[in-house]
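Visitor: Chains as they are written, first to last, in the UniProt record's numbering: chain L, 1 to 462; chain E, 1 to 462.
No lab work stands behind these hints: they were computed from the structure.
Do not take every clue at face value.
Which copy is meant is left open, so a pair is good if it fits within one copy or across any two.
The calculated lysine to aspartate or glutamate pairs, modelled on DMTMM-like cross-linking and capped at a C-alpha distance of 20 Å, are [as the list claims (entries may be wrong)]: (1) 386 to 192; (2) 278 to 357; (3) 278 to 289; (4) 255 to 179; (5) 255 to 282; (6) 362 to 284.
2 protein chains.
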Amino acid sequence: MEHTKSYVDTHKDRFISELLSILKIPSVSADPAFSQDMENMAEAVKNALLQAGCEQVEICETQGYPIVYGEKIIDPALPTVLVYGHYDVQPPDPLDLWDSPPFEPQIKPTGLHPEGAIFARGASDDKGQFYMHVKALELMIQNNSLPCNLKFMIEGEEEVGSESLSAFVKENREKLSNDIILISDTGMIANDVPSITTGLRGLSYVEVEVTGPNRDLHSGLYGGAVANPINILTKMIANLHDENNRISIPGFYDKVAELSTEERAEMAKAPFDLGEYKAALDIDAVYGEDGYTTNERNAIRPTLDVNGIWGGYIGEGAKTVIASKAYAKISMRLVPDQDWNEITELFTRHFEALAPDGVRVKVTPHHGGQAYVTPINHPGYQAASKAYEATFGKPPVPQRGGGSIPIVSLFEAELQSKTILMGFGLDSDAIHSPNEHFGIWNYLKGIETIPYFYKYFTELVG
Amino acid sequence: MEHTKSYVDTHKDRFISELLSILKIPSVSADPAFSQDMENMAEAVKNALLQAGCEQVEICETQGYPIVYGEKIIDPALPTVLVYGHYDVQPPDPLDLWDSPPFEPQIKPTGLHPEGAIFARGASDDKGQFYMHVKALELMIQNNSLPCNLKFMIEGEEEVGSESLSAFVKENREKLSNDIILISDTGMIANDVPSITTGLRGLSYVEVEVTGPNRDLHSGLYGGAVANPINILTKMIANLHDENNRISIPGFYDKVAELSTEERAEMAKAPFDLGEYKAALDIDAVYGEDGYTTNERNAIRPTLDVNGIWGGYIGEGAKTVIASKAYAKISMRLVPDQDWNEITELFTRHFEALAPDGVRVKVTPHHGGQAYVTPINHPGYQAASKAYEATFGKPPVPQRGGGSIPIVSLFEAELQSKTILMGFGLDSDAIHSPNEHFGIWNYLKGIETIPYFYKYFTELVG
C-alpha cells in the first residue's frame, strides 16, 4: 500500500489547510452564545464528508445540537465500520493563558513536535482527530482501496454529555449497525511509542449548591454567628477524601474491579519518567491515593476532583461579606465495574448527609457514563495493532486511559459492537487546556495508518 | 431645644431629596471602573458641606481617592468635635438579588420601617449616616445653636481599608486636632431600643492563592495523580477551624481579652430573640464557636470567614478540568487585645504550613485594623447618652459591635482622642447586602439627636 503514503505526501498541505479552516469555527457546546457557530460547524462537517466521497450525508436534528451522519456502502456483504467523532470543543477559557487566540490556528514547532503543531481549541480534541478519518476516506476512494463499508457519525455534544446522541443511537440501531466502531479521541504514549487505549474511565459529573442565610450578610455583624456557606462547602468537600486520599463516600469502592498483580506489573512496563512528568507540570511532588503509582492513579483507580468552585465576592479588592450561597462542580472518574448512576446516588446521599444544621444543600447531576474495556484479543484490536506496525514499524502498547468517552459503553449496549480507540494525539497536547495543539506529524501519520486498519480488519473478519 | 424638632419637620422633604441625589452616584471604591463617580461624589460632598455652612472646605488629594475636609470654628476656646464619615460604598453585586437598582433610590415601607425606608447601596453605610451630620450642622447654623467647633473629614476608601486616610491623618495632626470624634457608621438594636456601640472588632483581610500544575489539566488524564488546587484549598480552609468551631491557627487566641462573667451577664440583658433571628435569615440553626451565645460570637469573639472563593470552570454546563490555580478572600474579625499585624503573620505562617507537597501557596494581606473599646464613663459617651435620652425618651444600651472601623483605633493612636459611635441604622438594614436601606424615621431622628450631643458635650467638657 505504498500509494497510501505517497497520497498523504502529495496532499498534506491541503489536508492541513482544510483542518485549519474548521478550527476557526468556535463550536463551544457548553455555552449557548456559540449556538450559531455550532450550526455552522455541522454544515462544515457535512460538506467535508460529501467532498471526501460519502453518500447519504445528512444533518440530523436532535433535542440539542445536530448529529452529522454519512456513509459509503460498497457491498452489504462486506464488514461495516462506524466512525464516531465530535465537532464540539471545550470552552477556551482562561483566554489570557493562550499564547495565540484559540480560534485563530497557528502552526509552531515544539520540543515533542519538531515538524510543527497546530495550536487551536479542538486541534486534537476532536476536530483534528475525526478529520483524519474524513481524509483517510478521501484517500481510499481516490486510490480505489476502500475494502469495506463505512459509516460516519459526528456529534456536537460530546463535551457536555452526549445527551442527544444516546437518544439518536437508540432510535437508529438499524442505520448505525456495524461490525466495529472506530474512534480517534484519545492519545498515545509518544510518537516513537505508539499505544492504543483499551480501557476508559467512567464519569459522574455533579454540581452542588450550599445555601446558608437568605441573603448576603455583613461579615462583621454576622461573622462567627451563622454558618458561612463557603466555609461549610470547603469543609464538606475536604471530607470527601480521607487521610490516605481515598474517597470517603460509603460504598464508593464496593464494585471497583481490582487488577491482578500480573496486570499491574504489565502496566508498569509502559515507559514513564516521574521526573519528566513533574518537570512538565512544574510540580515538586505528585499527589494521590496511597498505595498506587501515578499511572495507576490516573487509569485504573477512581477519583474525585473539583472542576470549579465559586461563591461570595470574587472581584477586585476586598468585600467583607458572608455569601448566601456557594457552589462547586465536582466530577468523579470511575473504573470497571462502578455504575455511574449508582455512584451519583451514593455521592448525593453522602454529600447531603455531610451538611450541618444551618445550611441547605442541593446536588444536581450533570451527566455521566460507564467505564469501558476492550480485550486485546479482539479482531478489532488485532487489526489496529497490525495497522500501527505497518506505519510506525512497531506494535502499539495496550493502555488504560484515564479519560471518559461515556458513549463508548452506550454503543456496546445499544449496537452490540466493540470500539477501537485509535488515538494519535499526545497527553502533552494540552487538550481541555490553554494552548491545545496537535502535531502535524501525528495528523498525517493518522491519515496514513487508518486505511491499514480497514484492510486488516476486513481480512480478519471478512 | 424645641426648635430642633420643628426645623427637622419643616425641612424633612428636602433633607430626604438631598440624600437621594447623592445615593444616585455609584461611588464604589473597590472597583476602578467607578473612579470618575468617586470624583463626582467627592465634589458632591464638598458642595453639601459648603451649603450647610462649613468653611475652609477642600477636596484633599491623596494617593488614592480624595478626602473631603471642612470646618466651622466659632471660638478656639470652645471644645472641638471631629465628624468622620465615608462617601464610598460596597460593590452592589450580586445585582440580580436587588429588588430595585442599587443606585436608583426607592422609598418603600417595611415591617421595621413603617414610615418608609430608602433602598439604595450606601443608604445606611455610610452616605445616609454621614449626611445626618451635614444636615445637623445646617440646622444648628440656621438656629444659631452651634455650641462648639466642628470639623468634618469624609473619606472615600473606608470599604477598601482607608489606606490614604492613615497617611492623611498622620500628616495633618494639627488640622484635625479635636476633643472628641463622632462617627455614625454603626447600628442600634431597634427604634425603640436605642444603643451605642462601645466596642468594635479588629480586622485582618487576606487573599490566598494555591497553585498546582503550571496549566489547567484534563481531569481524565491527570485526575487522581496530581494535587488539585481547588481540592487542596478546600482542605486547607477546612483545617482553619477545629471540631468546636474554634480557629486552629496556633497562637490565634493567645491575646484575646476574655470578658468576666459579670460583663457577659450584662451583655446578655440586651433584648434578643433567637427565633426571630433565625426566621429573619431563613436558617434552621445558628452556627459558631462552642460555649458562646450568638451575641457573644458576633461581638466579643474573634472569627474567620471566607468572603469569596473561586477557581476552575464556573461557567454554564460542565468542564472536566483540573485548574492550575484556586483563590480565596479570607477575613478575620479580631477582638481586644489581638494585634491585626501579628494575626496576619500567624495566619500566613499557618496557611503556608498547611500546604502539602505538590502545590505552592501565596498569601497577600489586603488590609486590617485593631479592635477598639470606649469606656461608658467617658464624657463623650455621657453626652451621647443624654442626647439619646432627650430624643428617644430613654438612655441608649451600650453595645459591643461585631463590625470593624479600623480607623477608629488609628484616630486614638494619632490624634489621642476617643470616638463616639452614634449609629442610627438597624442591623436588618442589609448593609453590604442587596437591598440595603435606611429608615426615614432613623435618618430624621439622627439629625434631631446629633445637636443635643454637641450641647451636652460642650456643657460637660467646656
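Visitor: Next step is simple, just say for each hint if it's right about the structure.
Guide: Structure-based check of each hint:
1. Proximity of residue 386 and residue 192 under a CA criterion of 20 Å is satisfied intra-copy only: 16 Å inside one chain copy versus 88 Å between copies.
2. Taking the closest pair of Cα atoms, residue 278 and residue 357 come within 20 Å of each other only across two copies (12 Å); inside a single copy the shortest separation is 42 Å, beyond that limit.
3. In this homomeric assembly, residue 278 and residue 289 come within 20 Å of each other (Cα to Cα) only inside a single copy, at 17 Å, whereas the closest approach across copies is 41 Å.
4. Within a single copy, residue 255 and residue 179 get their C-alpha atoms no closer than 30 Å, and across copies no closer than 75 Å, so neither meets the 20 Å cut-off.
5. For the homomeric pair residue 255 and residue 282, neither the shortest alpha-carbon distance inside one copy (35 Å) nor that between copies (41 Å) is at most 20 Å.
6. In this assembly of identical chains, the alpha carbons of residue 362 and residue 284 lie at most 20 Å apart only when taken from different copies (16 Å versus 36 Å within one copy).
The structure is inconsistent with the numbered hints 4 and 5, although it conforms to all the rest.
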